[in-house]
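Chemist: Sequence:
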Amino acid sequence: MSDQDRLRAPFDDFRDRCLAETVPPGVDALRRTVRRRRTTRAMVAAGVAALVTIAAIALPGLRATPTPTEPTPSPTVSESVPPSPTPTPTMSPSASPSHSTAPGSPRAGSGSGKQSGSGADPCYVRTLYWDIGPEHYYLPPGTAQKCPSIKIKLVWAKYGWSPADQKIVRLSSSSTYLTAARPSFNTPDLSSPDNRCNTLTVLMRGNVSLPASIPNYFVDTSRVWTRFNAFFKARGAVEMLGGFAIGSATDAQLIEACVNATG
1 MSDQDRLRAP FDDFRDRCLA ETVPPGVDAL RRTVRRRRTT RAMVAAGVAA
51 LVTIAAIALP GLRATPTPTE PTPSPTVSES VPPSPTPTPT MSPSASPSHS
101 TAPGSPRAGS GSGKQSGSGA DPCYVRTLYW DIGPEHYYLP PGTAQKCPSI
151 KIKLVWAKYG WSPADQKIVR LSSSSTYLTA ARPSFNTPDL SSPDNRCNTL
201 TVLMRGNVSL PASIPNYFVD TSRVWTRFNA FFKARGAVEM LGGFAIGSAT
251 DAQLIEACVN ATG
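What the sequence shown shows, in UniProt numbering, is residues 1 to 263, in sequence order.
Incorrect hints may have been included.
Here are the simulated lysine-lysine pairs, DSS-like style, with alpha carbons at most 30 angstroms apart [said to hold, decoys possible]: (1) Lys233 <-> Lys167; (2) Lys151 <-> Lys233; (3) Lys153 <-> Lys167.
Label-pair ranges, simulated between beta-carbon atoms [what the hints assert, rightly or not]: (4) Gln145 <-> Ser173: 29 to 37 angstroms; (5) Asp28 <-> Arg8: 42 to 50 angstroms; (6) Phe14 <-> Arg41: 36 to 44 angstroms; (7) Arg8 <-> Val48: 21 to 29 angstroms; (8) Glu21 <-> Thr53: 58 to 66 angstroms; (9) Gln4 <-> Ala46: 53 to 61 angstroms; (10) Asn229 <-> Ser173: 17 to 25 angstroms; (11) Ala55 <-> Val27: 26 to 34 angstroms; (12) Arg17 <-> Ala55: 15 to 23 angstroms.
Since the hints were derived computationally from the structure, they do not count as laboratory data. Virtual Cβ for every residue (Gly too), placed ideally from N, Cα, C.
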């Protein structure tokens, strides 16, 4: 057998396979493909229609109306009396004492001043406001009407220092109360007897002890106010409401302050 005869069979097989893969299908094959696709689409459409029908029937049954819970009757309160012909009086739920406080309801004059339950304590003051020229502090509008017994002590101090000083010295201080009768006040112009180059005015809440001198955190300007807050809180301050350098006060600001009504 010659070399051509040995190679003819593999080449013939290769040609047949290539033609089978490259020659387009005939008319009969196209018809079979179209019929198969139509059948598949019809089956899918029928399945979707069946699912929609089942869902439309089943969903109303799944939405069951919740069984109404019957209110638990309040226990009756009976009063023990000596034996007598008169029957023991009972108090129906509608005649329950009116002075009992429901959980979560506001309590005027609460010492904690915190919010409890779903009701807000009217004596809980979250914010104080201040503006410039002169510094004016006041309670949020409506606080005095909601809590006539409110009383918040504010302590106002001025410290002074020179750039090279390692300590900031207290120059003067004063205090006052914010009440329903006096819901605002203007801070006094605290004196600077030794005319230090720089002054710092600090407002604090509560019965705090203001030290005669504090470290000069302005030597290192990083995290200045964070350090001042930590310093005063470590010495009994419940909250340091604010502090700023005199001479460059900004526009009106909102100062966060968790203050109690009896602070």
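Chemist: Hint by hint, say whether it matches the structure.
Modeler: Status of the hints after comparison with the structure:
no.	hint	result
1	Lys233 <-> Lys167	18 angstroms, holds
2	Lys151 <-> Lys233	21 angstroms, holds
3	Lys153 <-> Lys167	27 angstroms, holds
4	Gln145 <-> Ser173: 29 to 37 angstroms	31 angstroms, holds
5	Asp28 <-> Arg8: 42 to 50 angstroms	31 angstroms, violated
6	Phe14 <-> Arg41: 36 to 44 angstroms	38 angstroms, holds
7	Arg8 <-> Val48: 21 to 29 angstroms	56 angstroms, violated
8	Glu21 <-> Thr53: 58 to 66 angstroms	45 angstroms, violated
9	Gln4 <-> Ala46: 53 to 61 angstroms	60 angstroms, holds
10	Asn229 <-> Ser173: 17 to 25 angstroms	18 angstroms, holds
11	Ala55 <-> Val27: 26 to 34 angstroms	43 angstroms, violated
12	Arg17 <-> Ala55: 15 to 23 angstroms	50 angstroms, violated
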